[in-house]
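Participant: As a plain string of letters, each chain reads:
Protein chains: 6
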Amino acid sequence: MLTHINKQNRPKMVDVTDKNDTNRVAIASGVITMSSEALNIVLQNRNKKGPVLQTAIVAAIQASKQTSTLIPMCHPLMLTSINCDIDELECGFKLTVEAKLKGKTGVEMEALTGVSVGLLTIYDMVKAVDKTMVIKDIKLLQKSGGKSGLYELDMSKT
Amino acid sequence: MLTHINKQNRPKMVDVTDKNDTNRVAIASGVITMSSEALNIVLQNRNKKGPVLQTAIVAAIQASKQTSTLIPMCHPLMLTSINCDIDELECGFKLTVEAKLKGKTGVEMEALTGVSVGLLTIYDMVKAVDKTMVIKDIKLLQKSGGKSGLYELDMSKT
Amino acid sequence: MLTHINKQNRPKMVDVTDKNDTNRVAIASGVITMSSEALNIVLQNRNKKGPVLQTAIVAAIQASKQTSTLIPMCHPLMLTSINCDIDELECGFKLTVEAKLKGKTGVEMEALTGVSVGLLTIYDMVKAVDKTMVIKDIKLLQKSGGKSGLYELDMSKT
Amino acid sequence: MLTHINKQNRPKMVDVTDKNDTNRVAIASGVITMSSEALNIVLQNRNKKGPVLQTAIVAAIQASKQTSTLIPMCHPLMLTSINCDIDELECGFKLTVEAKLKGKTGVEMEALTGVSVGLLTIYDMVKAVDKTMVIKDIKLLQKSGGKSGLYELDMSKT
Amino acid sequence: MLTHINKQNRPKMVDVTDKNDTNRVAIASGVITMSSEALNIVLQNRNKKGPVLQTAIVAAIQASKQTSTLIPMCHPLMLTSINCDIDELECGFKLTVEAKLKGKTGVEMEALTGVSVGLLTIYDMVKAVDKTMVIKDIKLLQKSGGKSGLYELDMSKT
Amino acid sequence: MLTHINKQNRPKMVDVTDKNDTNRVAIASGVITMSSEALNIVLQNRNKKGPVLQTAIVAAIQASKQTSTLIPMCHPLMLTSINCDIDELECGFKLTVEAKLKGKTGVEMEALTGVSVGLLTIYDMVKAVDKTMVIKDIKLLQKSGGKSGLYELDMSKT
Chain D
142 MLTHINKQNR PKMVDVTDKN DTNRVAIASG VITMSSEALN IVLQNRNKKG PVLQTAIVAA
202 IQASKQTSTL IPMCHPLMLT SINCDIDELE CGFKLTVEAK LKGKTGVEME ALTGVSVGLL
262 TIYDMVKAVD KTMVIKDIKL LQKSGGKSGL YELDMSKT
Chain X
142 MLTHINKQNR PKMVDVTDKN DTNRVAIASG VITMSSEALN IVLQNRNKKG PVLQTAIVAA
202 IQASKQTSTL IPMCHPLMLT SINCDIDELE CGFKLTVEAK LKGKTGVEME ALTGVSVGLL
262 TIYDMVKAVD KTMVIKDIKL LQKSGGKSGL YELDMSKT
Chain Z
142 MLTHINKQNR PKMVDVTDKN DTNRVAIASG VITMSSEALN IVLQNRNKKG PVLQTAIVAA
202 IQASKQTSTL IPMCHPLMLT SINCDIDELE CGFKLTVEAK LKGKTGVEME ALTGVSVGLL
262 TIYDMVKAVD KTMVIKDIKL LQKSGGKSGL YELDMSKT
Chain S
142 MLTHINKQNR PKMVDVTDKN DTNRVAIASG VITMSSEALN IVLQNRNKKG PVLQTAIVAA
202 IQASKQTSTL IPMCHPLMLT SINCDIDELE CGFKLTVEAK LKGKTGVEME ALTGVSVGLL
262 TIYDMVKAVD KTMVIKDIKL LQKSGGKSGL YELDMSKT
Chain G
142 MLTHINKQNR PKMVDVTDKN DTNRVAIASG VITMSSEALN IVLQNRNKKG PVLQTAIVAA
202 IQASKQTSTL IPMCHPLMLT SINCDIDELE CGFKLTVEAK LKGKTGVEME ALTGVSVGLL
262 TIYDMVKAVD KTMVIKDIKL LQKSGGKSGL YELDMSKT
Chain P
142 MLTHINKQNR PKMVDVTDKN DTNRVAIASG VITMSSEALN IVLQNRNKKG PVLQTAIVAA
202 IQASKQTSTL IPMCHPLMLT SINCDIDELE CGFKLTVEAK LKGKTGVEME ALTGVSVGLL
262 TIYDMVKAVD KTMVIKDIKL LQKSGGKSGL YELDMSKT
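Respectively, the protein sequence lines represent chains D, X, Z, S, G and P. As numbered in our numbering, residues 142 to 299 make up the first sequence, in order. As numbered in our numbering, residues 142 to 299 make up the second sequence, in order. As numbered in our numbering, residues 142 to 299 make up the third sequence, in order. As numbered in our numbering, residues 142 to 299 make up the fourth sequence, in order. As numbered in our numbering, residues 142 to 299 make up the fifth sequence, in order. As numbered in our numbering, residues 142 to 299 make up the sixth sequence, in order.
Hints may be right or wrong, so weigh each one.
No distinction is drawn between identical chains; accordingly, a pair holds when it is met within one copy or between any pair of copies.
[Claimed, not checked] Below 30 angstroms or equal to it, Euclidean Cα-Cα: the simulated BS3-like pairs (lysine-lysine) are:
(1) K190 to K277
(2) K288 to K190
(3) K189 to K272
(4) K160 to K272
(5) K160 to K277
(6) K189 to K288
(7) K268 to K235
(8) K245 to K189
(9) K235 to K189
(10) K272 to K243
(11) K288 to K243
(12) K243 to K153
Read the hints as simulated data drawn from the structure, not as lab findings.
Put together the whole structure using the sequences plus the hints.
Facilitator: If you want it as structure tokens, here you go:
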């Protein structure tokens, strides 16, 4: 019976009303791989759409703030800090986002959303020269605050 | 004099700066009526655009979070819980949204906006088979928290 | 099997790529009922949050433009006209929205979304004096353009 | 080296996690100048797109709430009050927005964004009769709350 | 009578359904003035929030695309080009935005909105060192396309 | 010289005003890997936040429509079709999005953005049981329409 299915198996935003406000931090990263031609164009700022990495950082920060609009069951949160780094790799770039909040629920989705949109922005600005780019390794590196305490990715397993 | 009109009769977002943060809950519901043919298509999940009720619940939750963007004088709020149910009626569906917040102002508009957009989503997905659907009975069922305390709709009057 | 369910019964945005651009119009309306005390406050512009009806019209027009953001399976459309009227009733107000487009798909959801958010805006601005207001009779009055031609609500049946 | 530039000179949202919540107020204003013909049309409510000033006030309030979406490094904030006035000048209008918050960072960008979008709305609604309008004098008049205390614009210098 | 006022004097989005699609271009500019200390910090990229001008350009482009969300009576448009320049002045910066469209209505509001939000972004990133900045001279420089043909600001009058 | 840098190396939205409207299609996919415990919870619909895959599909479709808001240099586009599939893998799920448009520029970013946000939604709904999930292999599979014609990923190289 459909209504039964809906009542017992409906999507919902988990109730965090009674959780305490604690300092919460999450760090996520992801990678985009590209051809060496594309990489050189980015590094030499010769790209047709303009400077790639600064634009990606701005996009990542703005997207982090839009997380609860994009991910249906995410709570709206008032991020108190977003910080974004880009590292050059041999075959592309690694983008890292750290998000902070004093609030009732974790900010890992905000960090992961920033990473994803930052990498998509790099893709967009470079796609005219390389259609084979791949976005990968989007993962949570670290998370602290709240009842569950500190989480750190076990790098030996990755 | 126009400027007088504007000074004395301008829309404004009411000042809640000095209100206390309290636990606030609001429950609202609404109904969509449709033909039995349309109802059957929804219940049997044979709809051209896909499963109707799950999509409506996701839309309702996302819209609740957009309330202050849609309703001009609503305060931005950090909802801590949104829960949505759909009941099958003889002639359609009843959608109920419960919204919660620990904050300075009530969340009835968030519940009502979720209900409205959830019902519009059902309308959208079913309109190819029935253009005569009607959305109705959107109302506040219950509200608690804040200075005014508990409000419950007097069902005997409805 | 879950993947089967998803493949065969997934929500989707219907493909309108090959449809012709035609002039499309949709008219929808809805009603909000309120106490006579609340009605008088609106009509005399004595409301705490400011003038109600002008604010509702602006909100309705802005919401019509947000339809594809709110209703998951709606296509993004470039509305070419939105017009909104409010009629005073004995027990409240009737809000009517006409939306137009030269494009590939109908604009009834845009009209209905404008109506819903306009009525919610009235509710929001008046709720301090009346919590028993009800939003109802949200329906499509007329629709033209596209393959299905003219649709008009049969008023004798309502 | 580009990655060095990005690490050392990246845009970021400043970390306010450990700041105290205090009552914060900001007042900003700006001016739009127009021809006397345009001014008369606004004052007499004879404008083709409808009443100008009420629409501008609604737009200003809604834009204040969108500040962190528009200005990349702004923190999302839960404004507790927005109030907007329009004064008639000899050659146009002056729009003033006061924004309030109990929170961790100032609300001057929210007030300034409200002013800017309110003035743009006047421009939009009047541009059919005057393309030479100029928006100017957008500035912060006053700011209080937080560590830096009260700031008031020195009017003798302007 | 209020309903009369609403029927005759309501805000509306002007009907452009029957206009032809033509190539449309608009160029707008605006200025932000700041102290020489602030100007030097921007020019030397020593700003606490990161590089100012690149961030402002990204914000200007993104805001141009949000014009119909921000300005209530603006039509949604599919901009085909946005280009943004920043010129260094003795006492600040001048930001210029060119917007293009093949469509039914002009894009001056898109150019003006981009200018305004770009300048607000500069303000935001520099406000920690200078609260007396002023945004001014936001105006339409040029507009072409559509029935009204070419408009160019008469610079001798400004 | 900074202004030189900005003039010559500014981000911009590429001018597509004079391109022809052609039918354009893009297909992208991506993968999320998770523990077998997490996978079973998703497949048996025992997840705390509700049904995962249907919610992810709705989020993917809605995000595709928000691409030009998220990715700074993307053109606003009126997608005419979005279709989303999820395949069960041994260690997680593969999400595929097909986007279509009759327009002036390609829709690969729309497909890729849908994939990314759909996968993030799965992450969000499952993260309570598995924090080690990884999002990977986000790539363009196929693209057609426009001057560059058909592109298909060379699967032998991946």
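Participant: At 30 angstroms max between alpha carbons, let me know whether K160 reaches K272 within a copy, between copies, both or neither.
Facilitator: between (46 angstroms within a copy, 20 angstroms between copies)
Participant: Between K189 and K288, at a C-alpha cutoff of 30 angstroms, which is it: within one copy, between copies, both, or neither?
Facilitator: The answer is between: 17 angstroms across copies meets 30 angstroms, while 48 angstroms in one copy does not.
Participant: One pair to classify: K235 and K189, alpha carbons no more than 30 angstroms apart. Within, between, both, or neither?
Facilitator: For K235 and K189, both the intra-copy (22 angstroms) and inter-copy (24 angstroms) Cα distances are at most 30 angstroms.
Participant: Within, between, both or neither: how does the pair K243, K153 come out at a Cα-Cα threshold of 30 angstroms?
Facilitator: Both. Shortest intra-copy (23 angstroms) and inter-copy (18 angstroms) distances satisfy the 30 angstroms Cα cut-off.
Participant: Please sort K190 with K277 into within, between, both or neither, judging by C-alpha distance up to 30 angstroms.
Facilitator: This pair counts as both: shortest intra-copy Cα distance 23 angstroms, inter-copy 26 angstroms.
Participant: Please sort K189 with K272 into within, between, both or neither, judging by C-alpha distance up to 30 angstroms.
Facilitator: within (15 angstroms within a copy, 34 angstroms between copies)
Participant: For K288 and K190, with the copy left unspecified, which applies at a CA distance of at most 30 angstroms: within, between, both, or neither?
Facilitator: Between copies only: 18 angstroms across chains, 45 angstroms inside a chain, cut-off 30 angstroms.
Participant: Within a copy, between copies, both or neither: which one fits K268 and K235 at a CA-CA cutoff of 30 angstroms?
Facilitator: both (17 angstroms within a copy, 22 angstroms between copies)
Participant: How would you classify K160 and K277 at a CA-CA limit of 30 angstroms: within, between, both, or neither?
Facilitator: The answer is neither: 34 angstroms in one copy and 33 angstroms across copies each exceed 30 angstroms.
Participant: At most 30 angstroms between C-alpha atoms: does K272 with K243 qualify within a copy, between copies, both, or neither?
Facilitator: between (41 angstroms within a copy, 21 angstroms between copies)
Participant: With identical chains treated as interchangeable, where does the CA-CA distance between K245 and K189 reach 30 angstroms or less: within a copy, between copies, both, or neither?
Facilitator: The answer is between: 18 angstroms across copies meets 30 angstroms, while 43 angstroms in one copy does not.
Participant: Checking K288 and K243: alpha-carbon separation at most 30 angstroms within a copy, between copies, both or neither?
Facilitator: both (14 angstroms within a copy, 19 angstroms between copies)
Of the numbered hints stated above, the single one contradicted by the structure is hint 5.
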